[in-house]
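Please model the complete structure; the sequences and the hints are all you need to start from.
Line order of the protein sequences matches chains A and B.
Going by my numbering, the first sequence opens with residue 1, and the numbers climb by one from there.
Going by my numbering, the second sequence opens with residue 1, and the numbers climb by one from there.
Warning: the hint list may mix true and false statements.
A pair holds if it fits inside one copy or across any two, identical chains being indistinguishable in the list.
[Said to hold, decoys possible] In silico DSS-like pairs for lysine-lysine, Cα to Cα no more than 25 angstroms straight-line:
(1) K48 to K289
(2) K344 to K33
(3) K33 to K60
(4) K126 to K396
In case anyone wonders, no lab produced these hints; they're calculated from the structure.
Source: prediction; values computed, not measured.
Protein chains: 2
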Amino acid sequence: MSELKGACIFGQSGGPTSVINASAFGVFDAALKSPSITRVLGAEHGIKGVLNDRLFDIDKEDPAELKLLKYTPSSALGSCRYKMADPDVDDTDYKRILEIFKKYDVRYFFYNGGNDSMDTCNKISKYMQKVGYDCRVMGVPKTIDNDLFGTDHCPGYASAAKYIATSCMEVYQDARVYDTGMICIIEIMGRHAGWLAGASALATAYGAGPDLVYLPETDFDMDKFLVDVERIYKEKGNCMVAVSEGIHYADGTFVSEAKTSATDGFGHAQLGGLAATLAQACKEKTGAKVRGIELSLLQRCGAHLASETDIEEAYMSGKAAVENAVNGISDKMVGFERGIRNGKYACKTKLLNLTDVANTEKKVPREWINAEGNGVEKAFIDYALPLIQGEPDLPKQDSLPRFAKLKKILAK
Amino acid sequence: MSELKGACIFGQSGGPTSVINASAFGVFDAALKSPSITRVLGAEHGIKGVLNDRLFDIDKEDPAELKLLKYTPSSALGSCRYKMADPDVDDTDYKRILEIFKKYDVRYFFYNGGNDSMDTCNKISKYMQKVGYDCRVMGVPKTIDNDLFGTDHCPGYASAAKYIATSCMEVYQDARVYDTGMICIIEIMGRHAGWLAGASALATAYGAGPDLVYLPETDFDMDKFLVDVERIYKEKGNCMVAVSEGIHYADGTFVSEAKTSATDGFGHAQLGGLAATLAQACKEKTGAKVRGIELSLLQRCGAHLASETDIEEAYMSGKAAVENAVNGISDKMVGFERGIRNGKYACKTKLLNLTDVANTEKKVPREWINAEGNGVEKAFIDYALPLIQGEPDLPKQDSLPRFAKLKKILAK
Numbered sequence: 001m002s003e004l005k006g007a008c009i010f011g012q013s014g015g016p017t018s019v020i021n022a023s024a025f026g027v028f029d030a031a032l033k034s035p036s037i038t039r040v041l042g043a044e045h046g047i048k049g050v051l052n053d054r055l056f057d058i059d060k061e062d063p064a065e066l067k068l069l070k071y072t073p074s075s076a077l078g079s080c081r082y083k084m085a086d087p088d089v090d091d092t093d094y095k096r097i098l099e100i101f102k103k104y105d106v107r108y109f110f111y112n113g114g115n116d117s118m119d120t121c122n123k124i125s126k127y128m129q130k131v132g133y134d135c136r137v138m139g140v141p142k143t144i145d146n147d148l149f150g151t152d153h154c155p156g157y158a159s160a161a162k163y164i165a166t167s168c169m170e171v172y173q174d175a176r177v178y179d180t181g182m183i184c185i186i187e188i189m190g191r192h193a194g195w196l197a198g199a200s201a202l203a204t205a206y207g208a209g210p211d212l213v214y215l216p217e218t219d220f221d222m223d224k225f226l227v228d229v230e231r232i233y234k235e236k237g238n239c240m241v242a243v244s245e246g247i248h249y250a251d252g253t254f255v256s257e258a259k260t261s262a263t264d265g266f267g268h269a270q271l272g273g274l275a276a277t278l279a280q281a282c283k284e285k286t287g288a289k290v291r292g293i294e295l296s297l298l299q300r301c302g303a304h305l306a307s308e309t310d311i312e313e314a315y316m317s318g319k320a321a322v323e324n325a326v327n328g329i330s331d332k333m334v335g336f337e338r339g340i341r342n343g344k345y346a347c348k349t350k351l352l353n354l355t356d357v358a359n360t361e362k363k364v365p366r367e368w369i370n371a372e373g374n375g376v377e378k379a380f381i382d383y384a385l386p387l388i389q390g391e392p393d394l395p396k397q398d399s400l401p402r403f404a405k406l407k408k409i410l411a412k
Numbered sequence: 001m002s003e004l005k006g007a008c009i010f011g012q013s014g015g016p017t018s019v020i021n022a023s024a025f026g027v028f029d030a031a032l033k034s035p036s037i038t039r040v041l042g043a044e045h046g047i048k049g050v051l052n053d054r055l056f057d058i059d060k061e062d063p064a065e066l067k068l069l070k071y072t073p074s075s076a077l078g079s080c081r082y083k084m085a086d087p088d089v090d091d092t093d094y095k096r097i098l099e100i101f102k103k104y105d106v107r108y109f110f111y112n113g114g115n116d117s118m119d120t121c122n123k124i125s126k127y128m129q130k131v132g133y134d135c136r137v138m139g140v141p142k143t144i145d146n147d148l149f150g151t152d153h154c155p156g157y158a159s160a161a162k163y164i165a166t167s168c169m170e171v172y173q174d175a176r177v178y179d180t181g182m183i184c185i186i187e188i189m190g191r192h193a194g195w196l197a198g199a200s201a202l203a204t205a206y207g208a209g210p211d212l213v214y215l216p217e218t219d220f221d222m223d224k225f226l227v228d229v230e231r232i233y234k235e236k237g238n239c240m241v242a243v244s245e246g247i248h249y250a251d252g253t254f255v256s257e258a259k260t261s262a263t264d265g266f267g268h269a270q271l272g273g274l275a276a277t278l279a280q281a282c283k284e285k286t287g288a289k290v291r292g293i294e295l296s297l298l299q300r301c302g303a304h305l306a307s308e309t310d311i312e313e314a315y316m317s318g319k320a321a322v323e324n325a326v327n328g329i330s331d332k333m334v335g336f337e338r339g340i341r342n343g344k345y346a347c348k349t350k351l352l353n354l355t356d357v358a359n360t361e362k363k364v365p366r367e368w369i370n371a372e373g374n375g376v377e378k379a380f381i382d383y384a385l386p387l388i389q390g391e392p393d394l395p396k397q398d399s400l401p402r403f404a405k406l407k408k409i410l411a412k
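What follows is the structure, given as structure tokens:
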């Protein structure tokens, strides 16, 4: 394919992760070095920044600060949850995006996010093809939920998994110090896929984790749950449980549903308060001391516990998006393929069709969950363990994190 | 004073910390080396282990595992919250303790805990004096609450403070990614003293922390709080608030009080759910998106974020207790004195009367809190910052913590 010269726009979308900015640095680093890319722009709040003509000149940032993005959690440019209309029904947004692309001579568009964001990316890609505007569109994967189709795993997952496993190991020590015993419920993110909740079992594999783990891939049965908890509490004097926020009854109702009716921009119910609800149910059943702990935002922004493997792969996925696009690829998302090199875990990038990725969720295979639906099998541990390896050398100032400080100079 | 030969008992009491086991290792390390101490015993669940004759032979532990205690959070021997009776009213427990001391020829008793535990330690010390049993009794300080009288600070505080500051810096990044804004409430431990909540201001001092900080040293005014939050939310589009679990109205009622009526063994109300309550109040006032985050047990067991300064000082306090006792000192608690060495923060041990320490709480000085009662002054930052310095080289196995595994062989 012939060389395409022009500006690029990079945007971050959906819930942030500990390493989404590592992907941003991968994109910026490769784009700033590429002779084909004439200008590097970062969109404020994802696609909203394009629509509102709020684009930052990344070329004007201090290179040392850009490098710190690798270790800075959350979306440095700002994120959004914005559902794009079907362009056949309402093409207002698409026309506006085309206008902005033309204004800045944008020939490369990189969008970093999960399922919903890949839907946005796909729609933009197809629209540009339809109107014949020459622009290469690439998705960069991101989600702690690890539920993107076609990729072995997603950047962001491993660092959250490591945070969850480590925190569970620590809470395990704390939640059994008294001779009176306790039932402790840990609530973990994950609406429809249990990859994160399953990661708590890494703690168990290393001798200090939950006795019971519940994923949204199986139906939750409150009576059976309480029987299981009571049995373990009576046997051991303590019981630790990890639950995905998205656990639901057989009829599909979220266990947490009664707690809140708020919804986000995509119509997803905002879940929460589940740990307290289950803890209360356990207290009523057993009379035990209980504690519910919600890992909340901490699990997705805990960059101080990031996996070095995750950081490097997140960087690699951003870089690969740029390099592939410059080489003529478009309409794809970068994915990961797991392999073995010198007897060890290795990971390389591959390319997936945006159409296939958009809005498809990858769940934990049923055979990786135990028959009882209250734990995970060794296959899950074998899958997750290599991803959390490695401790990055985190930039610090007075023993506190030194995060990137961007100037965010608006492009004219 | 003449040499006193005999066994020692060490016990851990009250809520655990990230570094209480570092103090245990300080005691064990010094006691195992001391020619005066003939046997090293660890009490299971603090004083309850003495009462129940559940003592572990520390001499039989693997030295490499004992060393790992320095980096293992929570109370490895088990803790308790057990209120000792006034011996003039009921001396049953004291007679039993004396019986056990005689059984094992215990001449050294080291007790590691906070205010209530120092009360226990003090009572035992005075009883042994009264009955003329020659035993040296020493308190080893411990509390994330940092509220022990007479010492510059307490082991355990700095690691929790560092966890809180780092987590606030990370959540700060996460809680402002969307253009829709959010009010985020972080609930921090601390029933009557605001040392921990104040530590969140370290994050603010480094550019990414709460806008408002509420300590229990001042009265909380819900109306003023909501006005402050609304003002900041309107100005900045986001607002982050840190609150101590123990904030209370002018009449002394805890703001969280309506949430639970459970009490612990000392009659303290078990607080919780405050973040959610305040978040809801902010939502009603402003209509903003809100999130309440309770740092819960995570903040006191987060050894992966421990301060190296704290670990070394915790170790030092345990060691000093043994060394002083062997040298003839008794009826004291080890405390810390802050100084300057080569222009830098330095800390040495000092000795405090157990009588003075027992049940006395040290609060944050009013002048370290701002006039409005919604933040801390620079004096607080200057106090806390040196304590959180240094990253220990944490023992890991497959990138997860490798905690000490004790055999816990019961003494005969």
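Intra- versus inter-subunit Cα pairing at 25 angstroms for K126 with K396: neither (43 angstroms within a copy, 48 angstroms between copies)
Is the C-alpha distance from K48 to K289 at most 25 angstroms within one copy, between copies, in both cases, or in neither? Classified as between; 19 angstroms across copies, 47 angstroms inside a copy.
Have a look at K344 and K33 and pick one of within, between, both or neither, based on CA distance no larger than 25 angstroms. neither (31 angstroms within a copy, 44 angstroms between copies)
For K33 vs K60, is the C-alpha pair at or below 25 angstroms within one copy, between two copies, both, or neither? Within one copy only: 14 angstroms inside, 61 angstroms across.
The structure fails hints 2 and 4 (numbered hints given earlier, in ascending order).
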